[in-house]
Amino acid sequence: MDPDKLPADPDHLPVDSDKLPAGEYLFQGWQLKAVFPGRVPPAEREGYRRLLAESAGTEQVVEETRRAGPPGTADQPGPVPRWILTAFFPEERKARETLAVMKTAVQLATVGSGPARAGQPPVLEAAPIPAGDWAEDWKRQFSVVRADHGLVVIPSWEQYRLRPGEIPIYLEPGLAFGTGTHPTTLLSLALLGRAVQGGDYVLDLGCGSGILSIAAARLGAGKVLAVDVDELAVRATEASAARNGVHGLIQARRADFQTLALPRRAQVLAANIGRQAALAVMARVNDFLEPGGRIILAGFKAGSIGKVAGAAPGLGLSVVEKRIVDGWAAVLAVFKPGDPSPEGSRMPGASVPSTPAPGASVSGTPATLLPGAGADPGMGRR
Numbered sequence: 413m414d415p416d417k418l419p420a421d422p423d424h425l426p427v428d429s430d431k432l433p434a435g436e437y438l439f440q441g442w443q444l445k446a447v448f449p450g451r452v453p454p455a456e457r458e459g460y461r462r463l464l465a466e467s468a469g470t471e472q473v474v475e476e477t478r479r480a481g482p483p484g485t486a487d488q489p490g491p492v493p494r495w496i497l498t499a500f501f502p503e504e505r506k507a508r509e510t511l512a513v514m515k516t517a518v519q520l521a522t523v524g525s526g527p528a529r530a531g532q533p534p535v536l537e538a539a540p541i542p543a544g545d546w547a548e549d550w551k552r553q554f555s556v557v558r559a560d561h562g563l564v565v566i567p568s569w570e571q572y573r574l575r576p577g578e579i580p581i582y583l584e585p586g587l588a589f590g591t592g593t594h595p596t597t598l599l600s601l602a603l604l605g606r607a608v609q610g611g612d613y614v615l616d617l618g619c620g621s622g623i624l625s626i627a628a629a630r631l632g633a634g635k636v637l638a639v640d641v642d643e644l645a646v647r648a649t650e651a652s653a654a655r656n657g658v659h660g661l662i663q664a665r666r667a668d669f670q671t672l673a674l675p676r677r678a679q680v681l682a683a684n685i686g687r688q689a690a691l692a693v694m695a696r697v698n699d700f701l702e703p704g705g706r707i708i709l710a711g712f713k714a715g716s717i718g719k720v721a722g723a724a725p726g727l728g729l730s731v732v733e734k735r736i737v738d739g740w741a742a743v744l745a746v747f748k749p750g751d752p753s754p755e756g757s758r759m760p761g762a763s764v765p766s767t768p769a770p771g772a773s774v775s776g777t778p779a780t781l782l783p784g785a786g787a788d789p790g791m792g793r794r
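Numbering of the sequence shown is given in the working numbering, commencing with residue 413 and proceeding in unit increments.
Errors might be hidden in some of the hints.
[Stated by the list, open to error] For each label pair, taking beta carbons as the anchor points, the in silico distance ranges come out as:
(1) E458 x S555: 36 to 42 Å
(2) G577 x A512: 44 to 50 Å
(3) E570 x R676: 35 to 41 Å
[As the list claims (entries may be wrong)] When the alpha-carbon atoms are kept at most 30 Å apart in a straight line, the in silico DSBU-like pairs for lysine-lysine are as follows:
(4) K748 x K713
(5) K445 x K515
(6) K748 x K515
(7) K719 x K748
(8) K445 x K719
(9) K748 x K635
Just so you know, these hints were derived from the structure itself, not from any lab. We put the beta carbon where it would ideally sit given N, CA and C, even for glycine.
Use the sequences and the hints to build the structure in full.
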């Protein structure tokens, strides 16, 4: 094998995939397909993409264009283009709920803020995922993603040679959320790099694929507890940790954060789980974080940043940084119980830059912070 095509990272050890709990979660679940006959204007495509992702609560939305029909002639039009959107779900219930939402939107002939559809309505169908189909489709959509602090998210099938200073996170596509392509994940990675210090105990609430847990371990955390209500996510995190050679640092547990009890409080908490869940996590911050601990809250729209940041002072949290990308927001705060300091206090061991990071927003003005964009992954776990 060409040595130039080998991963340039001694920690990325070969792993026997047959011994990982990954095979099942990759190919179970349901899919929803929306097939649009004829041409679909770009603005309308974006509206449907966002609607499907918002309703599905997932970033796993694949799009493709196919042509159906015989070749065209001088007197007869050629094959009719068909634009196809597919979303993937770990269970039937969510697929059918999303199908109902999409049908309602089509019946109303509106797509979010986009224009009404003038052509034929799409054909909508929810069904179990045929073995092997979704993974191959998703592979065509997923490539290497670079984030802040040298973090690089690399699909497991990619032959990628690391550049000096890059920190790899190797992922296999799965139904659990977190592939590095969505702004909420990229924002969380950026703030995680600011928050984690050597030897920290990190709590990852709503761990999904385990991407933030792996990033924390790569950034020097001494121990990571990854928590999710979805058994699919727990298995995905365990498989991802093993694939990255950090399984000794990460413990994955199925639990609800609202009733979660910890053996000890953490130094860093990451919660990329949506606005309502973020507010609920903040209400339990004293149970989760030791004084001086750092908390990352993400997974909500930019319009909600004021509500999230506004709740912080009353809970002993001092906001250090706010970031926005593509209409999505994230907040980094420090837990200072009993400290009446105003928003903007400095984080232990770090300083707040006098100007925002390139492309970032601290005041709440939309800006482009990191590469990659995506549709709204919806409410709940991210």
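Here is how each hint holds up against the structure:
no. : hint                    : in the structure
1   : E458 x S555: 36 to 42 Å : violated, 20 Å
2   : G577 x A512: 44 to 50 Å : holds, 48 Å
3   : E570 x R676: 35 to 41 Å : holds, 38 Å
4   : K748 x K713             : holds, 26 Å
5   : K445 x K515             : holds, 12 Å
6   : K748 x K515             : violated, 48 Å
7   : K719 x K748             : holds, 19 Å
8   : K445 x K719             : violated, 35 Å
9   : K748 x K635             : holds, 22 Å
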